[in-house]
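Trainee: Since chain A is already given, all that's left is putting chain B on it; use the hints.
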Amino acid sequence: MNVIVCVKQVPDTAAEITPTGNGAAIDTQDLAWVVNPYDEYALEEALRIREREGGAVTAICMGSEGAATALRTAAAMGADDIVHLTDPAFAGADPHAAAAVLAAAIKGRDYDLIWCGKLAVDDAYGYVGAALAEALGLPHIAAVVRVEIAEGKVIARRETEAGTAVVRCPLPAVLTADKGLNEPRYPKAIDIMKAKRKEVQTMDAAAVGVSAETIGAARAATRIVKFELPPARGGGTVIEAPVAEAVARLVQALRDEAKVL
Amino acid sequence: MDFDLSEHDMLREVTRGFVQNEVKPLARRIDEEEQIPRELLEKMAEQGYFGLPFPEAVGGVGAGEIGYCVVLEEFARASASVTVMLSAHTSIGAMPIYLDGTEEQKRKYLPDLCSGNKIAAFALTEPGAGSDAAGISTAAVRDGDDFVLNGSKLYITNGDIADVICVFAATNKSRGVRGGITAFIIEGDMPGLSRGPKEKKMGIRGSGTCELFFKDLRVPKDNVIGRVGMGFLTAMKTLDVGRLSLGAACTGAAKEMIDLSIAHAAQRVQFGEPIIRKQGIQWMLADMAADAFAMESMTYRGAWMYDQGMKITRDAAIIKLFCSDALDRVVDKAVQIHGGMGYMRDYPIEMFYRDSRINRIFEGTNEVQRMVIAGSLTRQGRF
Numbered sequence: 000m001n002v003i004v005c006v007k008q009v010p011d012t013a014a015e016i017t018p019t020g021n022g023a024a025i026d027t028q029d030l031a032w033v034v035n036p037y038d039e040y041a042l043e044e045a046l047r048i049r050e051r052e053g054g055a056v057t058a059i060c061m062g063s064e065g066a067a068t069a070l071r072t073a074a075a076m077g078a079d080d081i082v083h084l085t086d087p088a089f090a091g092a093d094p095h096a097a098a099a100v101l102a103a104a105i106k107g108r109d110y111d112l113i114w115c116g117k118l119a120v121d122d123a124y125g126y127v128g129a130a131l132a133e134a135l136g137l138p139h140i141a142a143v144v145r146v147e148i149a150e151g152k153v154i155a156r157r158e159t160e161a162g163t164a165v166v167r168c169p170l171p172a173v174l175t176a177d178k179g180l181n182e183p184r185y186p187k188a189i190d191i192m193k194a195k196r197k198e199v200q201t202m203d204a205a206a207v208g209v210s211a212e213t214i215g216a217a218r219a220a221t222r223i224v225k226f227e228l229p230p231a232r233g234g235g236t237v238i239e240a241p242v243a244e245a246v247a248r249l250v251q252a253l254r255d256e257a258k259v260l
Numbered sequence: 000m001d002f003d004l005s006e007h008d009m010l011r012e013v014t015r016g017f018v019q020n021e022v023k024p025l026a027r028r029i030d031e032e033e034q035i036p037r038e039l040l041e042k043m044a045e046q047g048y049f050g051l052p053f054p055e056a057v058g059g060v061g062a063g064e065i066g067y068c069v070v071l072e073e074f075a076r077a078s079a080s081v082t083v084m085l086s087a088h089t090s091i092g093a094m095p096i097y098l099d100g101t102e103e104q105k106r107k108y109l110p111d112l113c114s115g116n117k118i119a120a121f122a123l124t125e126p127g128a129g130s131d132a133a134g135i136s137t138a139a140v141r142d143g144d145d146f147v148l149n150g151s152k153l154y155i156t157n158g159d160i161a162d163v164i165c166v167f168a169a170t171n172k173s174r175g176v177r178g179g180i181t182a183f184i185i186e187g188d189m190p191g192l193s194r195g196p197k198e199k200k201m202g203i204r205g206s207g208t209c210e211l212f213f214k215d216l217r218v219p220k221d222n223v224i225g226r227v228g229m230g231f232l233t234a235m236k237t238l239d240v241g242r243l244s245l246g247a248a249c250t251g252a253a254k255e256m257i258d259l260s261i262a263h264a265a266q267r268v269q270f271g272e273p274i275i276r277k278q279g280i281q282w283m284l285a286d287m288a289a290d291a292f293a294m295e296s297m298t299y300r301g302a303w304m305y306d307q308g309m310k311i312t313r314d315a316a317i318i319k320l321f322c323s324d325a326l327d328r329v330v331d332k333a334v335q336i337h338g339g340m341g342y343m344r345d346y347p348i349e350m351f352y353r354d355s356r357i358n359r360i361f362e363g364t365n366e367v368q369r370m371v372i373a374g375s376l377t378r379q380g381r382f
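Same order as they appear, the protein sequences are chains A and B.
Just so we're aligned, residue 0 is where the first sequence starts under numbering that gives the first Met the number 0, counting upward by one.
Just so we're aligned, residue 0 is where the second sequence starts under numbering that gives the first Met the number 0, counting upward by one.
If we strip away everything but chain B, and leave its shape as in the complex, we get:
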């Protein structure tokens, strides 16, 4: 077994420097103003951060899923908002086109998405269809060479800024997930598309989340991803690999929380010595480290499996389930170790605490992850 990640040391080191200088100083402002400055997006695009896992042949960087996870870890040490914007764009926004798009669609859309010229989003969730994704009611009706879409999507990350949106609509409601859902590439300026106001969230406040409305929106049939009726499969394949990036983001945030907690405890003197010498604090740090080690290990194992072409459905669900739960444990301890300071907006701890909670909910709730894992176990009859 080769657990050597040193091949990605330069990518990690350079990204760490970039994040230190360009993202960390803005993290609090991004949270308070609920906006990621355009200049930061442009700098990230110039560095090539928008096309990391995709091969050079389609305009990407060719860093693979592992290299992409390394970068997400580093960004997550500064700002969950920026990390979520980036991973929603890459892992779920551009991914359906890469996985199931025609050569023509890949040629048309991927270079711009990889260069960061255009931002992508993934639109599956609706007011009536969250965990029950099969219940989507946005309808797509064939009309000549087009499909006409009517309906709406809810809680779409990057919904406010996306130029390219993968929208899942029902082409045959009676068939449900088995042949009834189709994936479409929608462009941000297509007539009939409108966007709701940005949601006001507990955390990841810098990441734009909004409703999308489709009113008689015409999409050419050439914009069907894969084949009509195959949309649900595309969505599930996409969400599988998206779950790996959630693992990476949670890992990075956990490591940052541990490092900040150690630094704080090493200089905070109470009862005559730095509190890091108190066993109560030491045990909290130890438990945080155990969680972080587990998160890091499973994330990179999953990313390696994916890069090898192995099937990852069950394990990606495990990674998402575990890492989201684990990060909540870690940020909670980080707040406690920092005491009152952990509650003050002058310090990043409380932001990480609020930012963490969404991980158990989006990308498929942890209940859905358990459904996926249990489904796999019962089908296989064993682990």
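Just chain A, same shape as in the assembly:
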């Protein structure tokens, strides 16, 4: 079973993010970059599928030059092939445009299954997996927490507010991984050393086979207007009163001020 995993490099979730240039962008200087945690679940699941069924795992990442380190992490975890889609023309892409590039790069390849993360922790759109499936004409199941594969079919479990949904679809398909799917392995020290020497297949727009008007900022269906920090949290309110009265005042505050009831 050949599996493709889409991987994105994102700022470390512990990093402090500051808007810059009047909110036009975020300051990327001194940021630590990591593999999107949801993509790690996807990659881990792909590796487990390979351990059970055989085949090859290919990790694909669309990103700037520095994103190659995300691919080396994928290689250290065990990915057989690593593909870096990088071109100035890809810049300014929203998930819609990113999916277009990924689809073009994936189209000609031999695969049975495509894994993505449920969402990327930087922009949290949660869109690329579904858009990629649409572009490739494949079924997709999002936010998978458990998956079984048998006889060319996928049986996936996903958590919903109403309970666990069991969804079936035929292969090939796109699945997006949610937290709880698995515990990603730590790359072994020797594999980390080997990953540094691993060949990265680098593809620019021409190699992928897309023209400038169909990608990047030109293809984006959305445009980021501004980055702002959330409003600073105020102090809490302490309600001091006999219990019955305090409860009544608390309920009123929750309803009228916090508006959560």
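Bear in mind the hints are in silico, worked out from the structure with no lab data behind them.
Remember, it's a predicted structure, so these values are computed and weren't measured experimentally.
A hint or two may mislead.
Stated by the list, open to error - Taking lysine to aspartate or glutamate pairs in the DMTMM-like style, the calculated list, with each CA pair at most 20 Å apart, reads:
1) K195(A) x D8(B)
2) K187(A) x E21(B)
3) K187(A) x E41(B)
4) K42(B) x E21(B)
5) K187(A) x E6(B)
6) K187(A) x D8(B)
7) K193(A) x E21(B)
8) K193(A) x D306(B)
9) K197(A) x D8(B)
10) K195(A) x D3(B)
11) K193(A) x E45(B)
12) K197(A) x E6(B)
13) K187(A) x E12(B)
Mentor: Relative to the frame of chain A, chain B by itself:
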């Protein structure tokens, strides 16, 4: 000059995650129960942490001395006990076989040591021979195809769990260090070897330290490391590179102390504001940072020199001397910044304080380091 360490970022990041999830939660238990759980050793072995500096050709990871120091730094941020177990195994336990062993010995022992299948120890110190290592009296007498060892070793790290022990014995007491000492590879199940109870220590309590006793222990002559009489040279070469790993461990611990102290001072409010705004505290943090920067810089410079094949004897001694002294200064300030909390076993600070003290004593006391440095200076006639 290229001070770019980013080549080792992935190794550091992965190790940091491993340490965060697998070691930090156990650190206090390891200290209180004076034991490293077998499951942790197995996980570390699976990750390849037992063979870091050794080349792939002998079963190692090929991370070099620099990559090894990066990993030790990260482990030292959680547990000095685990770090000492690992560095005693790698830097001084397995190292003599790697440096001076025959091809056959390397083939026989290094793969198991690198995979963590077997744990190594280094046995030089005796009750009558600490700093005066030349005064060892464990004797090795040739008998046919074997040597027969009688004597004892003291304060041997990993002595309780080691499967492979490099033992230094006197084959010719009258010749002293110049030709009188031989290094042997002893296996943990050889008849005649017995181990004393674990010592009860001030710190690094999770690291097992004990006496080893040899009573008519037969070692085949094939287990002589290098040549008969060359043991002292092997010991000194080994201790040289071992001193680099001490620098790395001290650096990691220092950085952790600084980070915890900043976090504490930033939220501890006294006299109307977080104490981190008080200059007294700021100056302590600044001094800690100066020490940590120096420790980090010299450690990686030494590791780089070693990986380049340069001679490091004097500088390794400087690194060991400085970093052990510096860490003591850093942990002392960390306790003070934390105040009462720095004294309570609920927090890691007091453990780091107790764990730090041994660094000025083992791997050659700081007095021995000064002897080495001064010896080099007088021989060279200059810095």
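Trainee: Look at each hint and say if it fits the structure.
Mentor: Each hint tested on the structure:
A distance of roughly 11 Å separates the Cα atoms of K195(A) and D8(B); the hinted pair therefore holds under the 20 Å criterion. For the suggested pair K187(A) and E21(B), the alpha carbons sit about 14 Å apart, so the restraint of at most 20 Å is met. Taken as a hint, the K187(A) and E41(B) pair is honoured in the structure, with Cα atoms around 13 Å apart against an allowance of 20 Å. Annotation: proposed proximity of K42(B) to E21(B) holds, straight-line Cα distance about 8 Å (limit 20 Å).
Distance hint between K187(A) and E6(B) is fulfilled; the C-alpha atoms sit about 16 Å from each other, no more than 20 Å. Distance check on the hinted pair: K187(A) and D8(B) sit about 14 Å apart at the alpha-carbon level, within 20 Å; holds. For the hint pairing K193(A) with E21(B), the CA-to-CA distance comes to about 24 Å; that exceeds 20 Å, so the pair is violated. Proposed proximity of K193(A) and D306(B) is supported: the alpha carbons are some 18 Å apart, at most 20 Å.
Under the criterion of a C-alpha separation no larger than 20 Å, the hint pairing K197(A) with D8(B) is consistent with the structure, at around 16 Å. Taking the CA atoms of K195(A) and D3(B), the gap is about 15 Å. The hint holds against a cut of 20 Å. In summary, the hint linking K193(A) to E45(B) is supported, as the alpha carbons are separated by about 16 Å, within the 20 Å threshold. Under the criterion of a C-alpha separation no larger than 20 Å, the hint pairing K197(A) with E6(B) is consistent with the structure, at around 13 Å.
For the hint linking K187(A) to E12(B), the alpha-carbon distance of about 12 Å falls within 20 Å, and the restraint holds.
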